[in-house]
Amino acid sequence: MKKLLCLMLQLLVLLPFVAVLLPQTMSAEELGEDVVEFVLHKRMIRDIDYNDQFEFHENDGLAISEEAGITADIISQTVPLNGATFAVYDMTDYYHEKKAAENMTSREFVQQIAEMSRNNIRQLITEERLAQVGESVTTGKDTVGGLGDGIARIQVPKKNQDRDAIYLIFEESIDPEIGLNVDIDQTAIPIAAVLPIYHPTEPTEELQEIHIYPKNVGYLRDPYFFKYGRQRGTTEKGRPLEGAVFALYQMIEGEKYYLDMAPANDLKNQWIKPANNDPLNDKNVSKFISDKDGLVTTGQRFLPSGTYYFEELKSVEGYEMDEASKRIEVIVPESWVDAEGQPQ
Numbered sequence: 297m298k299k300l301l302c303l304m305l306q307l308l309v310l311l312p313f314v315a316v317l318l319p320q321t322m323s324a325e326e327l328g329e330d331v332v333e334f335v336l337h338k339r340m341i342r343d344i345d346y347n348d349q350f351e352f353h354e355n356d357g358l359a360i361s362e363e364a365g366i367t368a369d370i371i372s373q374t375v376p377l378n379g380a381t382f383a384v385y386d387m388t389d390y391y392h393e394k395k396a397a398e399n400m401t402s403r404e405f406v407q408q409i410a411e412m413s414r415n416n417i418r419q420l421i422t423e424e425r426l427a428q429v430g431e432s433v434t435t436g437k438d439t440v441g442g443l444g445d446g447i448a449r450i451q452v453p454k455k456n457q458d459r460d461a462i463y464l465i466f467e468e469s470i471d472p473e474i475g476l477n478v479d480i481d482q483t484a485i486p487i488a489a490v491l492p493i494y495h496p497t498e499p500t501e502e503l504q505e506i507h508i509y510p511k512n513v514g515y516l517r518d519p520y521f522f523k524y525g526r527q528r529g530t531t532e533k534g535r536p537l538e539g540a541v542f543a544l545y546q547m548i549e550g551e552k553y554y555l556d557m558a559p560a561n562d563l564k565n566q567w568i569k570p571a572n573n574d575p576l577n578d579k580n581v582s583k584f585i586s587d588k589d590g591l592v593t594t595g596q597r598f599l600p601s602g603t604y605y606f607e608e609l610k611s612v613e614g615y616e617m618d619e620a621s622k623r624i625e626v627i628v629p630e631s632w633v634d635a636e637g638q639p640q
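If you're matching positions, the sequence shown starts at 297 in this note's numbering and goes up one per residue.
If you're looking for bench data, these hints aren't it; they were derived computationally from the structure.
We put the CB at the ideal spot given by N, CA and C, even for glycine.
Treat the hints with care, since some could be wrong.
Each computed DSSO-like pair below joins lysine-lysine, with the alpha-carbon atoms no more than 30 angstroms apart [what the hints assert, rightly or not]:
1) K437 to K394
2) K610 to K579
3) K552 to K610
4) K455 to K395
5) K552 to K622
6) K579 to K569
7) K437 to K569
Just the calculated beta-carbon pair ranges, DEER-fashion [as the list claims (entries may be wrong)]:
8) Q428 to T497: 32 to 38 angstroms
9) N572 to R623: 17 to 23 angstroms
10) D389 to Q566: 45 to 51 angstroms
11) Y524 to E549: 31 to 37 angstroms
12) T500 to I627: 53 to 59 angstroms
13) P496 to V440: 22 to 28 angstroms
14) I548 to D389: 47 to 53 angstroms
15) D389 to I627: 45 to 51 angstroms
Start from the sequences and build out the full structure, keeping to the hints where you can.
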């Protein structure tokens, strides 16, 4: 038996954007008067850390200070996510046509873009012939401002000819090498931004470096099963066994690689070959122990799509391990929904 919890990313930025991407090596002080820089802080909130008291950061264009980050939930209860790739499209013409045709405000336009499905955004890009500007950018370690991991910098001109520029930032993919199963087709909301953006306490000061903290909630796929023991030769259900020890492995090029003891807040899984081919006694191999109800769970570890196996390493006193308990299959599907659109 396995349990797969859906993943939802909430991403809504009411900072209206379009763009020609410029070289990504200038600091804020080096930017020209005609250029602004968007700094994306891509962070992941684990489902187990999220509750009704969680306070999302209201984007104001400024970076969260180190002191404020101690108490800000978006920093203190999240981890940065590398490997998210974004593309930028020029939508200045589309913005003005849409605004004039429907008599909408900039805020209403941004909200409308945020509520569009990714398929509809793709269709919009094609039908309106929105041109991608520059190369796609991927979040990683910040080498410009020293802001750490999960950062992507996008430098863009303020103007499209004589008009304030409008930008669409679209999350294209999550690098599979990070070891996460993130379904962005279902959850990654597109971002629209309209320039200029002003300092929140200095309304006449245009920001040249604009920080954006997308709001993300990550719901994990959490495989589990129950360990029961029964008398050999009987067909009874048996009773739950507490204390059986399991590890999780996957087959890589015909060999077993086991899930290692990464910290609980580490978003990237590591798979290792156990020392002396002895996963039970290798302290670096993650162990999962059945509880009083016989429940065995991965402890809310993210798993990308693929096939995995629980292996019983040590049974409960008085019970023997059978071959089936050494290869309990777990399949994480590539899609979060089936052909009928139902969660799987």
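Is 47 to 53 angstroms a correct range for the gap between the Cβ atoms of I548 and D389?
About 49 angstroms separates the Cβ atoms of I548 and D389, which means 47 to 53 angstroms holds.
That 32 to 38 angstroms hint for Q428 and T497 (C-beta), does it hold up?
35 angstroms, holds
Is K552 within 30 angstroms of K622, Cα to Cα?
Answer holds: K552 to K622 is near 12 angstroms, not above 30 angstroms.
What's the verdict on K552 and K610, does the C-alpha distance respect the 30 angstroms limit or exceed it?
Roughly 18 angstroms separates the two Cα atoms, so the pair holds.
Quick one, are K579 and K569 close enough, alpha carbons at most 30 angstroms?
12 angstroms, holds
Holds or violated: 17 to 23 angstroms for the Cβ distance of N572 and R623?
21 angstroms, holds
Is 53 to 59 angstroms right for how far apart the beta carbons of T500 and I627 are?
58 angstroms, holds
Regarding the pair K437 and K394, is the alpha-carbon distance no greater than 30 angstroms?
Given that 30 angstroms is the threshold and the Cα spacing comes to 37 angstroms, the pair is violated.
Is the gap between the beta carbons of D389 and I627 within 45 to 51 angstroms?
46 angstroms, holds
Supplied distance hint 22 to 28 angstroms, evaluated on CB atoms of P496 and V440:
23 angstroms Cβ-Cβ, so the 22 to 28 angstroms window holds.
Okay, Y524 versus E549 on CB: inside 31 to 37 angstroms?
At roughly 34 angstroms between Cβ atoms, E549 and Y524 fall inside 31 to 37 angstroms, so the hint holds.
Supplied distance hint 45 to 51 angstroms, evaluated on CB atoms of D389 and Q566
47 angstroms, holds
Of the hints listed earlier, the one the structure fails to meet is number 1.
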